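> With the hints as extra help, turn the sequences into a complete structure.
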Amino acid sequence: MPKDLVFITVIGKDQKGIIAHISNAVFKHNINIEDLNQKVMEGYFVMTMLADMADSKASIADIKREFTEIEKQMDLRIQVQHENIFKAMHRV
Amino acid sequence: MEYSLDEVMETVRMTLYHNFDIRTVTLGINLKDCIDPDIESFKSNVYDKVTEYGKRLVNEAGKIEDKYGVPIINKRISVTPVSLIVESCKEDAPIEIAKTLDMASRDANIDFIGGYGALVQKGMTRSDSRLIDSLPEMLSSTERVCAFLNVASTLSGMNMDAIIKLGNILKDIASRTDNGIGCTKFAVFSNAPEDNPFMAGAFHGIGEPDFSLNIGISGPGVVRSVVEKNRECDLTGLSEVIKRTAFKITRAGELIGRELALKMEVPFGIVDISLASTNKVGDSVAGIVEMMGIERIGAPGSTAALALLIDAVKKGGAMASGNVGGLSGTFIPVSEDSGMNEAVRSGALSIEKLEALTAVCSVGLDMIAIPGDTPAETISAIIADELSIGVVNGKTTGVRLIPVPGKKAGDYVNFGGLLGETYVMDISTFSSRDFILRGGRMPAPITSMRN
Numbered sequence: 002m003p004k005d006l007v008f009i010t011v012i013g014k015d016q017k018g019i020i021a022h023i024s025n026a027v028f029k030h031n032i033n034i035e036d037l038n039q040k041v042m043e044g045y046f047v048m049t050m051l052a053d054m055a056d057s058k059a060s061i062a063d064i065k066r067e068f069t070e071i072e073k074q075m076d077l078r079i080q081v082q083h084e085n086i087f088k089a090m091h092r093v
Numbered sequence: 117m118e119y120s121l122d123e124v125m126e127t128v129r130m131t132l133y134h135n136f137d138i139r140t141v142t143l144g145i146n147l148k149d150c151i152d153p154d155i156e157s158f159k160s161n162v163y164d165k166v167t168e169y170g171k172r173l174v175n176e177a178g179k180i181e182d183k184y185g186v187p188i189i190n191k192r193i194s195v196t197p198v199s200l201i202v203e204s205c206k207e208d209a210p211i212e213i214a215k216t217l218d219m220a221s222r223d224a225n226i227d228f229i230g231g232y233g234a235l236v237q238k239g240m241t242r243s244d245s246r247l248i249d250s251l252p253e254m255l256s257s258t259e260r261v262c263a264f265l266n267v268a269s270t271l272s273g274m275n276m277d278a279i280i281k282l283g284n285i286l287k288d289i290a291s292r293t294d295n296g297i298g299c300t301k302f303a304v305f306s307n308a309p310e311d312n313p314f315m316a317g318a319f320h321g322i323g324e325p326d327f328s329l330n331i332g333i334s335g336p337g338v339v340r341s342v343v344e345k346n347r348e349c350d351l352t353g354l355s356e357v358i359k360r361t362a363f364k365i366t367r368a369g370e371l372i373g374r375e376l377a378l379k380m381e382v383p384f385g386i387v388d389i390s391l392a393s394t395n396k397v398g399d400s401v402a403g404i405v406e407m408m409g410i411e412r413i414g415a416p417g418s419t420a421a422l423a424l425l426i427d428a429v430k431k432g433g434a435m436a437s438g439n440v441g442g443l444s445g446t447f448i449p450v451s452e453d454s455g456m457n458e459a460v461r462s463g464a465l466s467i468e469k470l471e472a473l474t475a476v477c478s479v480g481l482d483m484i485a486i487p488g489d490t491p492a493e494t495i496s497a498i499i500a501d502e503l504s505i506g507v508v509n510g511k512t513t514g515v516r517l518i519p520v521p522g523k524k525a526g527d528y529v530n531f532g533g534l535l536g537e538t539y540v541m542d543i544s545t546f547s548s549r550d551f552i553l554r555g556g557r558m559p560a561p562i563t564s565m566r567n
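Just so you know, the protein sequences line up as chains A and B, in that order. Letter 6 of the first sequence, counting from 1, is numbered 7 in the working numbering, and no numbers are missing. Letter 138 of the second sequence, counting from 1, is numbered 254 in the working numbering, and no numbers are missing.
It should be emphasised that the hints constitute simulated quantities derived from the structure, not laboratory data. Here the structure is a predicted model, which is why all the values come from computation and not from measurement. Some hints could be false.
[Stated by the list, open to error] Simulated crosslink set (DSS-like; lysine-lysine; CA at most 25 Å straight-line):
1) B:Lys148 x B:Lys206
2) A:Lys29 x A:Lys58
3) B:Lys379 x B:Lys171
4) A:Lys65 x B:Lys379
5) B:Lys345 x A:Lys14
6) B:Lys183 x A:Lys58
7) B:Lys183 x A:Lys29
8) B:Lys179 x B:Lys165
9) B:Lys379 x A:Lys88
10) B:Lys379 x A:Lys4
11) B:Lys359 x B:Lys430
12) B:Lys359 x B:Lys511
13) A:Lys4 x B:Lys183
14) A:Lys88 x B:Lys179
15) B:Lys159 x B:Lys206
16) B:Lys379 x A:Lys58
17) B:Lys159 x B:Lys171
18) B:Lys511 x B:Lys431
19) B:Lys238 x B:Lys206
20) B:Lys183 x A:Lys73
21) A:Lys17 x A:Lys40
22) B:Lys179 x A:Lys73
23) B:Lys179 x A:Lys4
24) A:Lys17 x A:Lys73
25) A:Lys88 x B:Lys431
26) A:Lys29 x A:Lys17
27) B:Lys345 x A:Lys88
28) B:Lys511 x B:Lys430
29) B:Lys148 x B:Lys159
30) A:Lys65 x B:Lys179
31) A:Lys4 x A:Lys29
32) A:Lys65 x B:Lys171
33) B:Lys430 x A:Lys88
34) B:Lys179 x A:Lys29
35) A:Lys88 x B:Lys183
36) A:Lys88 x B:Lys359
37) B:Lys183 x A:Lys65
38) A:Lys58 x B:Lys179
39) A:Lys40 x B:Lys345
Pasting the structure below:
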């Protein structure tokens with residue numbers, strides 16, 4: 002089955018449990034984590050997670066709703082964007 | 117990972133912090149197949165077609181917004197110039213069709229619908245005249261319908277008889293609406309493109325297929341931020357970084373446009389790469405020019421700075437997409453750009469300098485409030501000046517002026533929402549009356565001898 006890749010990106014203050022919360026939400030919707038990167042940039046915690054939604058029944062809108070609560074609780078900005086836009090913008 | 121963290125975060129930052137968005141997706145719809153001798157059937161054909169496709173546009177655009185995390189600000193429709201489709205109908209047909217378009221766009225949740233207009237660069241048919249005369253009534257009795265006129269072109273010259281009419285018509289529209297706001301929905305052009313996705317001038321040209329999905333991207337905030345990061349580089353280097361940024365945002369626009377067209381099963385038309393300001397902090401073309409090192413837009417150097425900026429945007433855009441079209445210049449709508457507004461307030465920017473900017477890249481005198489008592493012939497003369505720049509330079513120029521009733525130069529006026537707020541500009545009080553009232557058609561310019 003072809004992959005259906007999305008980038009989940011998180012920006013915010015470094016704190017315990019960010020990856021745990023995100024991974025938990027992703028697992029709940031049967032989404033597979035393909036890769037994960039994190040570092041502190043200009044004083045902020047930044048994480049990018051590449052995830053495959055091919056086996057999930059959820060839509061991107063569903064996942065975003067799932068993350069709204071985590072955003073509020075942990076004071077984070079979480080974006081979910083299909084991989085195609087990164088390919089279009091960063092690869093000729 | 118195939119992408120570096122920096123690459124991913126660059127895209128994310130553009131949308132989260134620098135107002136990168138798709139300014140408009142505009143579906144062009146051919147209405148010629150709706151024509152019927154019976155006006156009631158005609159209206160019902162128009163209503164059905166516009167609402168069906170309008171609803172689909174809004175629905176599919178929403179899904180794509182979610183998928184890519186890029187906001188699509190406006191969902192719009194442009195139609196065949198209305199003057200053409202009502203040629204054989206009775207006197208009040210233009211207004212009847214306008215009201216139908218208004219109702220259809222409201223029911224489909226389309227924010228603006230363009231195409232109430234005519235192409236009269238060489239002369240007016242009876243239907244064209246009737247439509248022009250109906251503009252004040254139409255613009256004061258509908259909410260979402262936008263009007264346009266093409267009154268000049270490089271191949272035909274300028275129709276001065278139409279331009280004479282427009283001075284009075286703009287004053288009439290202004291007098292019937294609060295703060296003259298009806299005039300914000302009406303643009304006059306030279307060399308109007310048939311695939312422009314931006315309002316008020318969008319229409320679905322006669323060379324277009326049944327449908328055409330056109331997209332307007334925008335990112336003054338993104339470009340401003342890249343200029344801010346490159347304070348030290350010379351202008352050659354600055355052009356290079358702007359070009360790269362324009363490439364990226366155009367590619368995103370093209371991706372979204374093509375996918376939306378595919379979902380709607382209509383042909384993809386063009387990406388309009390115009391920089392279009394909003395009143396959000398930092399999302400200003402004036403802000404970019406000022407970040408380049410001009411104290412206030414309008415100061416000497418502004419024309420050169422804007423020329424460099426848009427040339428770089430066009431080079432990046434043309435590399436990114438084979439479908440660049442529409443206007444693809446700079447919008448510097450005074451009331452909709454907080455930086456432009458500040459320049460007017462502080463006296464840095466005059467209407468004459470705005471006119472000069474259109475000679476290199478801007479697409480017109482846009483959203484400019486002028487004193488309510490400006491004589492009709494002076495308004496016609498400003499239109500003629502601006503359009504002659506387009507005619508002679510083989511480019512599009514447009515005019516959207518608002519003669520605000522009861523206001524004089526320097527007064528403050530608030531149009532509300534996205535239309536913004538502004539200060540009334542000072543207009544020369546020397547008369548152009550005898551020149552304008554000569555009328556006739558200014559001949560098409562010679563296109564060799566380019567100096």
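> All hints are to be evaluated individually against the structure, with a verdict given for each.
Outcome of the hint check:
For the given pair, lysine 148 (chain B) sits about 17 Å from lysine 206 (chain B) by alpha-carbon distance, which is consistent with the 25 Å threshold. A distance of roughly 11 Å separates the Cα atoms of lysine 29 (chain A) and lysine 58 (chain A); the hinted pair therefore holds under the 25 Å criterion. Straight-line distance between C-alpha atoms of lysine 379 (chain B) and lysine 171 (chain B) comes to about 13 Å, which keeps the hinted pair within the 25 Å bound. Annotation: proposed proximity of lysine 65 (chain A) to lysine 379 (chain B) holds, straight-line Cα distance about 22 Å (limit 25 Å).
Pair hint lysine 345 (chain B) plus lysine 14 (chain A) holds up; C-alpha atoms about 23 Å apart against a cutoff of 25 Å. Restraint check for lysine 183 (chain B) and lysine 58 (chain A): satisfied, since their Cα atoms lie roughly 15 Å apart, inside the 25 Å limit. The hinted pair formed by lysine 183 (chain B) and lysine 29 (chain A) meets the criterion: a straight-line CA distance of about 20 Å does not exceed 25 Å. For the hint linking lysine 179 (chain B) to lysine 165 (chain B), the alpha-carbon distance of about 22 Å falls within 25 Å, and the restraint holds.
The hinted pair formed by lysine 379 (chain B) and lysine 88 (chain A) meets the criterion: a straight-line CA distance of about 20 Å does not exceed 25 Å. Distance check on the hinted pair: lysine 379 (chain B) and lysine 4 (chain A) sit about 20 Å apart at the alpha-carbon level, within 25 Å; holds. At roughly 8 Å between alpha-carbon atoms, lysine 359 (chain B) and lysine 430 (chain B) fall within 25 Å of each other, so this suggested pair holds. Taking the CA atoms of lysine 359 (chain B) and lysine 511 (chain B), the gap is about 22 Å. The hint holds against a cut of 25 Å.
As the CA atoms of lysine 4 (chain A) and lysine 183 (chain B) are separated by approximately 15 Å, the hinted pair is consistent with the 25 Å bound. A C-alpha spacing of about 19 Å is found between lysine 88 (chain A) and lysine 179 (chain B), which places the hinted pair at or below 25 Å, so the restraint holds. Restraint check for lysine 159 (chain B) and lysine 206 (chain B): the C-alpha separation of about 13 Å stays at or below 25 Å, so the hint holds. Among the hinted pairs, lysine 379 (chain B) with lysine 58 (chain A) is consistent with the structure: their alpha-carbon atoms are about 20 Å apart, no more than 25 Å.
Restraint check for lysine 159 (chain B) and lysine 171 (chain B): satisfied, since their Cα atoms lie roughly 18 Å apart, inside the 25 Å limit. For the suggested pair lysine 511 (chain B) and lysine 431 (chain B), the alpha carbons sit about 17 Å apart, so the restraint of at most 25 Å is met. For a cut-off of 25 Å, the pair hint linking lysine 238 (chain B) to lysine 206 (chain B) stands: about 24 Å separates their Cα positions. With a C-alpha separation of about 22 Å, the suggested pair lysine 183 (chain B) and lysine 73 (chain A) falls inside the 25 Å cut-off, and the hint holds.
At most 25 Å may separate the alpha-carbon atoms for a hinted pair to count; lysine 17 (chain A) and lysine 40 (chain A) meet this at roughly 14 Å. Of the supplied pair hints, the one linking lysine 179 (chain B) and lysine 73 (chain A) holds, its CA atoms being roughly 24 Å apart against a limit of 25 Å. Restraint check: the Cα-Cα separation between lysine 179 (chain B) and lysine 4 (chain A) comes to about 19 Å, which is no more than 25 Å; the hinted pair holds. Using a Cα cut-off of 25 Å, the hinted pair lysine 17 (chain A) and lysine 73 (chain A) holds, with the two alpha carbons roughly 15 Å apart.
Simply put, lysine 88 (chain A) and lysine 431 (chain B) have alpha-carbon atoms about 20 Å apart, close enough for the 25 Å limit, and the pair holds. With a CA separation close to 20 Å, the supplied pair lysine 29 (chain A) and lysine 17 (chain A) stays within the 25 Å bound. Pair hint lysine 345 (chain B) plus lysine 88 (chain A) holds up; C-alpha atoms about 24 Å apart against a cutoff of 25 Å. Restraint check for lysine 511 (chain B) and lysine 430 (chain B): satisfied, since their Cα atoms lie roughly 14 Å apart, inside the 25 Å limit.
For the suggested pair lysine 148 (chain B) and lysine 159 (chain B), the alpha carbons sit about 12 Å apart, so the restraint of at most 25 Å is met. Of the supplied pair hints, the one linking lysine 65 (chain A) and lysine 179 (chain B) holds, its CA atoms being roughly 13 Å apart against a limit of 25 Å. The straight-line distance between the Cα atoms of lysine 4 (chain A) and lysine 29 (chain A) is roughly 18 Å, inside the 25 Å bound, and the hint therefore holds. Taken as a hint, the lysine 65 (chain A) and lysine 171 (chain B) pair is honoured in the structure, with Cα atoms around 24 Å apart against an allowance of 25 Å.
Restraint check for lysine 430 (chain B) and lysine 88 (chain A): the C-alpha separation of about 21 Å stays at or below 25 Å, so the hint holds. As the CA atoms of lysine 179 (chain B) and lysine 29 (chain A) are separated by approximately 22 Å, the hinted pair is consistent with the 25 Å bound. This hinted pair checks out: lysine 88 (chain A) and lysine 183 (chain B) have alpha carbons roughly 14 Å apart, not beyond 25 Å. For the proposed pair lysine 88 (chain A) and lysine 359 (chain B), the alpha carbon gap of about 18 Å is at most 25 Å, so the pair holds.
For the suggested pair lysine 183 (chain B) and lysine 65 (chain A), the alpha carbons sit about 10 Å apart, so the restraint of at most 25 Å is met. In summary, the hint linking lysine 58 (chain A) to lysine 179 (chain B) is supported, as the alpha carbons are separated by about 16 Å, within the 25 Å threshold. With a CA separation close to 21 Å, the supplied pair lysine 40 (chain A) and lysine 345 (chain B) stays within the 25 Å bound.
Comparing the model with each numbered hint stated earlier shows that all of them hold.
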